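Trainee: Sequence:
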Amino acid sequence: MNFLTFDLRQINERIADAPHGALGSLTSLYQRASEKTSAGTGTFPARQPVCFSAQKPFPNADGPLLERLRFLHLAPSRLIPCLQTALIGIVSLIVLVALAGQALAAGRVQEFLPKAQPGELIPGADRFGQAEGDPPLVPAFQGDRLLGYVYLNSDFTSTVGYSGKPIHILVGIDPQGTIRGIKLVDHKEPIVLIGIPERRIIAAVNTLVGKDMKPVATGAERPPQVDIVSGATVTVLVMSDSVVRSAVRIIRSGRLGGVGPAAGANASAAVIKSLDPSKSEIRDWQTLLGDGSVRRLSLTVGEINDAFAKAGNQEAANNAETNEPSDTFIDLYLAPVSVPTIGRSLLGDAGYEQLRTRLKPDQQAIIVAGDGAYSFKGSGYVRGGIFDRIELLQDVQSTRFRDRNHTRLGALAADGAPDLREIALFVVPEDFKLDLTEPWQLQLLVQRNVGARDKAFLTYNLEYTLPDHYLRIEQPPAPTVAPAATQPQQQAQGQPATQTPAPTAPAASSLNDADALAAGEIEEPLWLKIWKTNTVSIGLAALALAVLTGIFFFQDALVRRPRIYVWVRRAYLTFTLVWLGWYANAQLSVVNVLTFTNSLITDFNWEFFLAAPLIFILWAAVAAALLFWGRGPFCGWLCPFGALQELTNNIAQWLKVPQITVPWGLHERLWPIKYIIFLGLFGLSLYNIALAEFFAEVEPFKTAIILKFVRDWPFVIYALTLLSVGLFIERFFCRYLCPLGAALAIPGKIRMFEWLKRWPECGSPCQRCAKECPVQSIHPEGFINVNECIYCMHCQELYHDDHRCPHMIQVRLKREKREALSSPSMRGSKDEGKGPAKPIITHKGKVVGTPADQPTTADVPTTSS
Numbered sequence: 001m002n003f004l005t006f007d008l009r010q011i012n013e014r015i016a017d018a019p020h021g022a023l024g025s026l027t028s029l030y031q032r033a034s035e036k037t038s039a040g041t042g043t044f045p046a047r048q049p050v051c052f053s054a055q056k057p058f059p060n061a062d063g064p065l066l067e068r069l070r071f072l073h074l075a076p077s078r079l080i081p082c083l084q085t086a087l088i089g090i091v092s093l094i095v096l097v098a099l100a101g102q103a104l105a106a107g108r109v110q111e112f113l114p115k116a117q118p119g120e121l122i123p124g125a126d127r128f129g130q131a132e133g134d135p136p137l138v139p140a141f142q143g144d145r146l147l148g149y150v151y152l153n154s155d156f157t158s159t160v161g162y163s164g165k166p167i168h169i170l171v172g173i174d175p176q177g178t179i180r181g182i183k184l185v186d187h188k189e190p191i192v193l194i195g196i197p198e199r200r201i202i203a204a205v206n207t208l209v210g211k212d213m214k215p216v217a218t219g220a221e222r223p224p225q226v227d228i229v230s231g232a233t234v235t236v237l238v239m240s241d242s243v244v245r246s247a248v249r250i251i252r253s254g255r256l257g258g259v260g261p262a263a264g265a266n267a268s269a270a271v272i273k274s275l276d277p278s279k280s281e282i283r284d285w286q287t288l289l290g291d292g293s294v295r296r297l298s299l300t301v302g303e304i305n306d307a308f309a310k311a312g313n314q315e316a317a318n319n320a321e322t323n324e325p326s327d328t329f330i331d332l333y334l335a336p337v338s339v340p341t342i343g344r345s346l347l348g349d350a351g352y353e354q355l356r357t358r359l360k361p362d363q364q365a366i367i368v369a370g371d372g373a374y375s376f377k378g379s380g381y382v383r384g385g386i387f388d389r390i391e392l393l394q395d396v397q398s399t400r401f402r403d404r405n406h407t408r409l410g411a412l413a414a415d416g417a418p419d420l421r422e423i424a425l426f427v428v429p430e431d432f433k434l435d436l437t438e439p440w441q442l443q444l445l446v447q448r449n450v451g452a453r454d455k456a457f458l459t460y461n462l463e464y465t466l467p468d469h470y471l472r473i474e475q476p477p478a479p480t481v482a483p484a485a486t487q488p489q490q491q492a493q494g495q496p497a498t499q500t501p502a503p504t505a506p507a508a509s510s511l512n513d514a515d516a517l518a519a520g521e522i523e524e525p526l527w528l529k530i531w532k533t534n535t536v537s538i539g540l541a542a543l544a545l546a547v548l549t550g551i552f553f554f555q556d557a558l559v560r561r562p563r564i565y566v567w568v569r570r571a572y573l574t575f576t577l578v579w580l581g582w583y584a585n586a587q588l589s590v591v592n593v594l595t596f597t598n599s600l601i602t603d604f605n606w607e608f609f610l611a612a613p614l615i616f617i618l619w620a621a622v623a624a625a626l627l628f629w630g631r632g633p634f635c636g637w638l639c640p641f642g643a644l645q646e647l648t649n650n651i652a653q654w655l656k657v658p659q660i661t662v663p664w665g666l667h668e669r670l671w672p673i674k675y676i677i678f679l680g681l682f683g684l685s686l687y688n689i690a691l692a693e694f695f696a697e698v699e700p701f702k703t704a705i706i707l708k709f710v711r712d713w714p715f716v717i718y719a720l721t722l723l724s725v726g727l728f729i730e731r732f733f734c735r736y737l738c739p740l741g742a743a744l745a746i747p748g749k750i751r752m753f754e755w756l757k758r759w760p761e762c763g764s765p766c767q768r769c770a771k772e773c774p775v776q777s778i779h780p781e782g783f784i785n786v787n788e789c790i791y792c793m794h795c796q797e798l799y800h801d802d803h804r805c806p807h808m809i810q811v812r813l814k815r816e817k818r819e820a821l822s823s824p825s826m827r828g829s830k831d832e833g834k835g836p837a838k839p840i841i842t843h844k845g846k847v848v849g850t851p852a853d854q855p856t857t858a859d860v861p862t863t864s865s
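The sequence shown begins at 1 in the numbering used here and counts up one residue at a time.
Accuracy of the hints is not assured; some may be wrong.
Straight line, CA to CA, 20 angstroms or less: simulated EDC-like cross-link-like pairs of lysine to aspartate or glutamate [what the hints assert, rightly or not]:
#: 1; residue 1: Lys-279; residue 2: Glu-391
#: 2; residue 1: Lys-757; residue 2: Asp-802
#: 3; residue 1: Lys-377; residue 2: Glu-391
#: 4; residue 1: Lys-433; residue 2: Asp-454
#: 5; residue 1: Lys-771; residue 2: Asp-801
#: 6; residue 1: Lys-360; residue 2: Asp-403
#: 7; residue 1: Lys-183; residue 2: Asp-212
#: 8; residue 1: Lys-455; residue 2: Asp-227
#: 9; residue 1: Lys-702; residue 2: Glu-391
Hint data in this document are derived by calculation from the structure and do not stem from the laboratory. Please read these numbers as outputs of a predicted model, since none were measured by experiment.
Make the full structure from the sequences, and use the hints.
Mentor: This is the structure we're talking about:
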């Protein structure tokens with residue numbers, strides 16, 4: 001057995017010299033050692049022994065690391081002397097793996113490059129070269145001539161979109177800094193995956209192709225704006241911004257475009273600016289507004305109308321918020337409250353201290369406040385957690401705020417501050433380094449509806465520059481001769497090294513989570529504010545649930561009156577469809593189930609679910625109903641699409657459309673399909689929640705209820721097909737395809753009560769309920785399959801009907817016979833001794849004799865003429 005030996009310094013040298021990464025150099029070193037041992041040439045030259053032997057030649061260097069290392073076998077005779085070496089080896093391996101991980105994290109452009117052809121990104125290019133630099137740029141050639149570079153936007157800047165996941169785009173840029181091609185290669189945006197064609201998103205972003213980014217990088221021009229796609233505002237803005245920001249970063253780095261890294265730095269090298277921590281006082285509103293501490297943007301409805309008209313969109317100009325052009329469109333205020341004086345004045349001392357405790361070092365916070373007909377918040381943050389109408393800009397970098405960055409404020413603390421409709425405190429995200437000593441902007445996105453679905457957009461910038469009296473301005477130190485050589489020489493002689501005094505920063509207090517929790521919330525949480533602004537809808541939903549609960553608890557009294565019950569049910573289903581579904585968009589979906597289960601195993605947060613009040617209330621009601629009645633209350637009464645199916649089928653029956661009864665054997669084999677669909681979606685969600693949401697389009701709920709059939713034709717045709725089949729087979733989708741019904745049927749097994757009554761004759765011999773059940777949830781043997789029952793109560797209506805239910809018919813006949821036998825004509829009178837009527841005997845038309853019960857003359861009243 002030949003032992004391998006090596007020198008740890010040799011590994012370090014090999015790592016430093018290796019062209020293919022750390023793991024490749026380790027493999028190469030072992031490869032050489034393996035070749036020597038297999039050839040019997042003895043040990044590899046080294047000064048440190050290794051506790052392994054090579055029993056066969058080392059495998060291919062391109063194989064997995066663990067596959068390679070398994071060819072090294074432990075030599076028992078050298079175990080004890082080699083423990084220290086083994087420990088060192090493990091540490092070295094960890095370092096090597098870490099280095100490899102850093103190499104992978106440096107950029108992912110190679111991962112997505114096979115999804116594009118060179119000519120798609122750089123016109124005329126026919127091949128890609130080797131990636132260069134970090135983050136990597138991939139040169140694109142035509143033959144041997146360099147035409148440009150290709151890069152991945154997410155390698156250079158944040159690209160997190162509406163879904164919370166990165167949007168990956170390959171971008172082609174030429175050496176002059178002009179964008180030549182863009183290709184979307186990977187995303188998880190639900191609004192693009194479903195509902196809005198991807199081609200519209202790509203077409204909007206492709207307007208950047210041909211744009212010269214060099215003037216933007218030098219500050220000579222504003223960043224170019226793209227056309228917004230209605231319904232995908234956040235997605236389009238994130239994609240376009242990431243392309244622009246990444247291109248500007250590449251140009252400023254000096255890697256192309258002729259703009260070196262010092263191009264933007266020389267202008268600001270004249271002075272050093274920093275916040276002055278000694279400036280901390282309280283000022284009134286007029287002082288803050290007058291000295292520029294608070295900046296204002298005021299627009300009227302007429303000014304917005306004129307702007308849309310000048311932009312060529314007269315339809316948007318005509319669709320004004322109010323009829324009076326002089327009305328305030330928006331009165332917008334902006335201020336950085338992480339500046340002590342501004343923060344204490346606007347938040348109060350207590351509020352500012354709470355904010356300061358919550359902020360991390362170098363993190364900033366701003367206040368945005370507004371009044372008027374237009375809201376700077378909009379409603380996008382309620383649906384997706386993103387404030388899509390405002391954007392923070394500085395030096396062509398930008399960020400949008402999410403609901404987790406937001407705190408609602410009721411009022412401003414400064415004396416004389418106006419009462420404003422919306423006041424929001426935003427903590428700037430950590431990945432956006434806002435430098436308050438340099439100018440920055442808040443961009444307002446103005447939108448108006450054009451037609452049924454489209455929107456028109458304008459942007460306005462509110463510029464902000466911090467007044468100089470909040471800053472400490474210093475001249476930079478004069479450069480010294482050979483500072484790099486002088487300081488080490490001083491240290492070598494034992495002298496203290498002289499350093500240029502730097503501006504002192506305020507001491508940072510302990511900013512941990514415990515302090516933040518102790519400081520408490522400045523204002524009420526976002527979800528509570530949402531609930532307060534939806535009190536009417538919440539009240540109506542609660543009233544509807546209370547009515548439904550009453551229907552269930554007093555079902556016997558209701559179903560005994562079939563005509564009243566039928567119209568009560570139809571009225572409730574109409575309410576569910578029109579108000580709950582089409583108006584309030586409170587359609588529950590299997591996506592809610594998948595999202596909830598996914599949050600349980602990742603990062604559960606109640607506030608995420610509380611942000612949609614009606615959805616939360618409905619789910620709470622459904623969860624409680626599962627304990628009493630199973631899935632029936634939702635599927636039969638609270639599902640808008642189920643209501644749409646049943647009401648359209650009722651109309652079809654009224655029009656004498658023939659109804660199809662599915663044979664029991666086939667029906668019994670079709671209903672498990674929905675359980676298979678649900679289990680498939682559930683398993684897929686554990687792997688990729690976005691992919692599961694895509695396949696959850698098997699539910700037509702979004703098309704028929706949320707979007708009201710205003711959608712691409714494949715989705716509309718699918719929904720209409722299901723409804724058309726439902727005209728002949730009542731609730732066809734509910735029976736066989738609905739994954740949400742399957743999801744609710746599984747926990748519905750735990751219900752504690754049996755509310756549906758049955759007679760002993762049900763199923764044998766009587767089959768009436770089984771034949772008339774709208775969803776065929778009653779087995780031919782008579783028992784009800786509660787997993788399939790929608791609790792329409794039709795069987796309970798029959799249960800009490802003494803003209804249709806055979807059992808109740810027999811009960812009614814017996815009752816009538818008993819009542820007939822006990823009628824007054826069949827029993828004697830107890831008070832006057834009158835018995836049954838006696839026969840009257842006549843002869844030749846004359847009565848013979850007087851019956852005992854015939855009244856006498858004295859008993860007959862007479863009248864005189």
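Trainee: Hint by hint, say whether it matches the structure.
Mentor: Taking the hints in turn, this is what the structure says about them:
1. Note on Lys-279 and Glu-391: the hinted pairing is violated, with a Cα-Cα distance of about 29 angstroms set against a maximum of 20 angstroms.
2. With a C-alpha separation of about 15 angstroms, the suggested pair Lys-757 and Asp-802 falls inside the 20 angstroms cut-off, and the hint holds.
3. Under the criterion of a C-alpha separation no larger than 20 angstroms, the hint pairing Lys-377 with Glu-391 is consistent with the structure, at around 11 angstroms.
4. For the hint linking Lys-433 to Asp-454, the alpha-carbon distance of about 35 angstroms lies beyond 20 angstroms, and the restraint is violated.
5. Annotation: proposed proximity of Lys-771 to Asp-801 holds, straight-line Cα distance about 16 angstroms (limit 20 angstroms).
6. For a cut-off of 20 angstroms, the pair hint linking Lys-360 to Asp-403 stands: about 18 angstroms separates their Cα positions.
7. Distance restraint check for Lys-183 and Asp-212: the Cα-Cα separation of roughly 18 angstroms lies within the 20 angstroms cut-off, and the hinted pair is therefore satisfied.
8. For the hint pairing Lys-455 with Asp-227, the CA-to-CA distance comes to about 11 angstroms; that is within 20 angstroms, so the pair holds.
9. With a C-alpha separation of about 29 angstroms, the suggested pairing of Lys-702 with Glu-391 is violated against the 20 angstroms cut-off.
When the structure is compared with the earlier hints, violations turn up for hints 1, 4 and 9 and for no others.
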